[in-house]
Amino acid sequence: GENVEQHPSTLSVQEGDSAVIKCTYSDSASNYFPWYKQELGKRPQLIIDIRSNVGEKKDQRIAVTLNKTAKHFSLHITETQPEDSAVYFCAASHYNQGGKLIFGQGTELSVKP
Amino acid sequence: DTEVTQTPKHLVMGMTNKKSLKCEQHMGHRAMYWYKQKAKKPPELMFVYSYEKLSINESVPSRFSPECPNSSLLNLHLHALQPEDSALYLCASSQDQFAGGQSGELFFGEGSRLTVL
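As you go down the protein sequences, you meet chains A and B in turn.
Going by the numbering used here, the first sequence wraps up at 113, each residue one higher than the last.
Going by the numbering used here, the second sequence wraps up at 230, each residue one higher than the last.
Just so you know, these hints were derived from the structure itself, not from any lab.
On a predicted model such as this, the values are computed, not experimentally measured, just so you know.
Idealized CB from N, CA, C, for every residue including glycine.
Mixed in with the good hints, there may be bad ones.
Claimed, not checked - Example chain B residues on the side facing chain A (calculated, C-beta under 10 Å, incomplete):
| id | residue |
| --- | --- |
| 1 | V117 |
| 2 | Y148 |
| 3 | P155 |
| 4 | E171 |
| 5 | L219 |
| 6 | E223 |
| 7 | G224 |
Excised from the complex, chain A in its bound form (with noise of 0.2 Å):
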């Protein structure tokens, strides 16, 4: 079955600096990416998807990228700021698999003002 992993599973950033945060999934067959942003004691959120036919989205300070040959998909926030600092988590998931998300360790983010 589909394993995907995440790196760092901890990053600490200065307030203003970019961070990226990297996922690589095992299955080819996988075709959608989302990014789920948790606060400490709030539910994890979607901040950013990406399906297989494209290689990069972004909006506002957030993007992803997808490297489909590499299987791994990265998140990328610019001008960091301490309201960022929250544990996010990558997932991947298809359709043959009765779209059953496959969620990443987490990355644990600190942005320091």
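Please build the complex by placing chain B on the supplied structure of chain A, with the hints as guidance.
Leaving out everything else, chain B in the frame of chain A:
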């Protein structure tokens, strides 16, 4: 309304108690999910209901019993739990089971924090 509402927010129960967690959504979504989450770990899928029928059971112990009374409601009945079952239980919904493929994102509720003594 893009909310998934879960009750109760907190629940403490003994190992011999019977309790239920409830989840409600009014987005017209036809797939609903139960996840279990330990601190700083990813959500672990437990059950999926699609069009009110159980579609996926991830080999969850029978002390957890899901129920989908209608397309807007999802319950999780709890009986004879163990202390290791203490966790945040998240309900989620999506337009259909194939979340993201054609149907957009998975919406999570705020969760029910369960403590088993």
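Outcome of the hint check:
The criterion of a C-beta within 10 Å of any C-beta in chain A is met by V117/B, whose closest approach is roughly 8 Å, and the hint holds. For Y148/B, the suggested interface contact is upheld, since its CB lies about 9 Å from the closest CB of chain A, less than 10 Å. A distance limit of 10 Å between C-beta atoms decides the matter here; for P155/B the minimum to chain A is near 4 Å, and the interface restraint holds. A least Cβ separation of about 9 Å between E171/B and chain A falls short of the 10 Å threshold, and the interface hint therefore holds.
For L219/B, the interface hint holds, the least distance from its beta-carbon to any beta-carbon of chain A being 7 Å, beneath 10 Å. Taken as an interface hint, E223/B checks out: its beta carbon lies about 5 Å from the nearest beta carbon of chain A, inside 10 Å. Given hint, G224/B at the interface with chain A, holds; its Cβ is 6 Å from that chain's nearest Cβ, closer than 10 Å.
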